[in-house]
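Peer 1: Single-letter residue listing:
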Amino acid sequence: MPLSSVQASSPARLRLPEWASPAFLVGGVVVLFWLVATLFPTWLAPYDPLKLAGRRLQAPNASYLLGTDALGRDVLSRTIHGAQHSLPIALLVVVSAVVIGSAAGAISGYRGGIIGAAIMRLVDITLSFPPILLAMAVAASLGPGLGNAAIAMVVVWWPVYARLMRAQVLEVREREHVEAAVAAGAGHFRILTKHILPLCWTPILISATMDLGQVILLAASLSFIGLGATPPTPEWGAMISDGATFFYSWWIAFGPGMAILTAVLGFNFIGDGLRDYFDPRSSK
Amino acid sequence: MSVADAKGPASASEPLLRIRDLKVGFSSHGKTLPAVRGLDVELSKGEVLGIVGESGSGKSLGMLASLGLQARNAVVSGSVVFKGQELIGRPRRDMRALRGSEISMIFQDPLSSLNPVMTVGDQIREALLLHTKSMTKAQATARVLELLQLVAIPQPDRRINQYPHEFSGGMRQRVMIAMAIANNPELLVADEPTTALDVTVQAQIMRMLRDLKEKLGLALILITHDLGVVAGHADRVAVIYAGLVIEEAEVRELFANPRHPYTRGLIASIPKLTASKDKLYSIPGAPPMLGALPEGCAFHPRCSFAQDVCRKVAPATIELGRHRASCHFAETLPPWGESARAAQSEEPAHG
Numbered sequence: 001m002p003l004s005s006v007q008a009s010s011p012a013r014l015r016l017p018e019w020a021s022p023a024f025l026v027g028g029v030v031v032l033f034w035l036v037a038t039l040f041p042t043w044l045a046p047y048d049p050l051k052l053a054g055r056r057l058q059a060p061n062a063s064y065l066l067g068t069d070a071l072g073r074d075v076l077s078r079t080i081h082g083a084q085h086s087l088p089i090a091l092l093v094v095v096s097a098v099v100i101g102s103a104a105g106a107i108s109g110y111r112g113g114i115i116g117a118a119i120m121r122l123v124d125i126t127l128s129f130p131p132i133l134l135a136m137a138v139a140a141s142l143g144p145g146l147g148n149a150a151i152a153m154v155v156v157w158w159p160v161y162a163r164l165m166r167a168q169v170l171e172v173r174e175r176e177h178v179e180a181a182v183a184a185g186a187g188h189f190r191i192l193t194k195h196i197l198p199l200c201w202t203p204i205l206i207s208a209t210m211d212l213g214q215v216i217l218l219a220a221s222l223s224f225i226g227l228g229a230t231p232p233t234p235e236w237g238a239m240i241s242d243g244a245t246f247f248y249s250w251w252i253a254f255g256p257g258m259a260i261l262t263a264v265l266g267f268n269f270i271g272d273g274l275r276d277y278f279d280p281r282s283s284k
Numbered sequence: 001m002s003v004a005d006a007k008g009p010a011s012a013s014e015p016l017l018r019i020r021d022l023k024v025g026f027s028s029h030g031k032t033l034p035a036v037r038g039l040d041v042e043l044s045k046g047e048v049l050g051i052v053g054e055s056g057s058g059k060s061l062g063m064l065a066s067l068g069l070q071a072r073n074a075v076v077s078g079s080v081v082f083k084g085q086e087l088i089g090r091p092r093r094d095m096r097a098l099r100g101s102e103i104s105m106i107f108q109d110p111l112s113s114l115n116p117v118m119t120v121g122d123q124i125r126e127a128l129l130l131h132t133k134s135m136t137k138a139q140a141t142a143r144v145l146e147l148l149q150l151v152a153i154p155q156p157d158r159r160i161n162q163y164p165h166e167f168s169g170g171m172r173q174r175v176m177i178a179m180a181i182a183n184n185p186e187l188l189v190a191d192e193p194t195t196a197l198d199v200t201v202q203a204q205i206m207r208m209l210r211d212l213k214e215k216l217g218l219a220l221i222l223i224t225h226d227l228g229v230v231a232g233h234a235d236r237v238a239v240i241y242a243g244l245v246i247e248e249a250e251v252r253e254l255f256a257n258p259r260h261p262y263t264r265g266l267i268a269s270i271p272k273l274t275a276s277k278d279k280l281y282s283i284p285g286a287p288p289m290l291g292a293l294p295e296g297c298a299f300h301p302r303c304s305f306a307q308d309v310c311r312k313v314a315p316a317t318i319e320l321g322r323h324r325a326s327c328h329f330a331e332t333l334p335p336w337g338e339s340a341r342a343a344q345s346e347e348p349a350h351g
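Chains Z and L supply the protein sequences, listed in that same order.
When you line the first sequence up against the working numbering, it's residues 1 to 284, in that order.
When you line the second sequence up against the working numbering, it's residues 1 to 351, in that order.
It cannot be assumed that every hint is accurate.
What the hints assert, rightly or not - Covered, in the sense of this in silico footprint (three residues per stretch, anywhere, with C-beta under 8 Å from a C-beta of chain Z), are these stretches of chain L:
1. 29-37
2. 89-103
3. 192-200
To be verified - Counterexamples of contact, computed for chain Z against chain L with all Cβ distances above 12 Å:
4. Ala103
5. Leu164
6. His188
If you're looking for bench data, these hints aren't it; they were derived computationally from the structure.
Heads up, the beta-carbon is just placed ideally off N, CA and C, and yes, glycines get one too.
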């Protein structure tokens, strides 16, 4: 029978749960690695990231896997410790942006009218600047430091979620169960929080996951041009900036560069996986 | 007619709901488009009123507007008196307290009318707690189980924790009804409650609504385009065309002796299982556009009885006992019987 032959053709294949697409798994492993590096950097790093570990500007070798930088610090250890600065900042920025943006978008979509239009014009204005430029301007006016860079990035990032949330709310608002809730005598706050918002989170969640990677990149960019982390913090962007002055000692920038690449890719893969899982139209 | 005589004078004195000259319009590009042009209906305690009309005739809109559920750009005027209180122009907060407690609604599509991410129990509980703040969670849960039993949902203690997608269409509509009667309303407005259901489930739901009406003593407004549902379950029927009640009568009187050509057309349009015709009868033409109502009687372009007067003068409402119709010829239309019905059905549909 054709049916049984189809079933028989794939018994050897590993049975994975539906959400565990290859992209999601790869991203998960990478992100898990950086998570461990964030929480327990000393488990992974062979040296102290701030102390002299050996002769300066050594190329990668057996005892210094990624070489040493201009001050003789171990690049591998600094890269691993760098996760402690990049990941929590990225998380903080994305969570703040999601909270602020979703609230603004939800109010704009639900209320409409002048307030709604005003919020959306503010969003338009913010989004009309190139993100890096606006973040630079805000960070520069606040002064250097990772905290100020984080504020600058929230300013740049919240409008994305405001737009997403508004679009969702506009659609869900017109559904009949919302009308039924109104007919049952529910107030605006209850309708928004219990009958509309719970149906709006999927795209926000997917977008937020992918944005974690983008924010890591933006944070590194700000640090690279001196508006983020201050020395001697082992922040990835700042480390690449250090490496740029010693152009022929390529390994100084290679470590943090790979870190940014893998972290960004990892979060993007997870975001892709989530989207494929939640949105039936986008999957095979 | 016998139904009317049985409770005639008592119900006529103090109606539960009286809608007078209710108008709903939509502002669009500086013009106001009239969707409901002066609705007049009355409803007594424990009565079932069927409101019949085509899509877009204003039947749902009028009822929604009288509960303050109109769209944001709608303009509402007229008078809606419920238990002696005027509802039009009341503050939103008061209306909110009224909706779901004294007046409830059930909607056409039970799947989309339930919140997909809340359990059925939570949703009914919410309906309860919204209006009875003093109720504890345990009390509410007990009441939810009682309500689910009342609407004949088997295994309520298991069903209470399930989500709407785990229920069939008929079961979902039962849940909607349970929510609607949770606070012992006096008036239940059912907006096409059975349109999305198949015929056997329709009959079950309608029978249940009737039983609940008897048990709880609630009045029911049945908005529908299904004349069969109205004939079987309503005490009185109001027929709406282009935003006006064009005929209203006891249900048997209406079907036996319709006095408006539109009502006659509707009745003639009911397909008969025994008819052997290839082509079904339909009223010629289409309902008028909101912005372009014809002069005179709104129905005249589609009416086979139309005279010059119909094209110029809007007809007044003619009262024939407890039967009223808005037609210049309400009293002089030929008698309606099986032969007249057949004759009307024979006319070629020139639509």
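Peer 1: Now tell me, hint by hint, if it's right for this structure.
Peer 2: To see whether the hints hold, each was checked on the structure:
Proximity of the segment 29-37 of chain L to chain Z, defined as three or more residues with a beta carbon under 8 Å from a beta carbon of that chain, is not established by the 0 residues found. With 6 residues carrying a beta carbon less than 8 Å from a beta carbon of chain Z, the segment 89-103 of chain L meets the three-residue requirement, and the given coverage holds. Figure legend: the segment 192-200 of chain L, annotated as covered by chain Z; annotation inconsistent (0 residues with Cβ-Cβ distances under 8 Å, at least 3 required). With a least CB separation of 20 Å from chain L, alanine 103 (chain Z) remains clear of the 12 Å interface cut-off, as annotated.
No beta-carbon of chain L comes within 12 Å of the beta-carbon of leucine 164 (chain Z); the shortest separation is about 18 Å. Listed as outside the interface, histidine 188 (chain Z) is inconsistent with that label: its C-beta sits roughly 9 Å from the nearest C-beta of chain L, within the 12 Å cut-off.
The structure is inconsistent with the numbered hints 1, 3, 6, although it conforms to all the rest.
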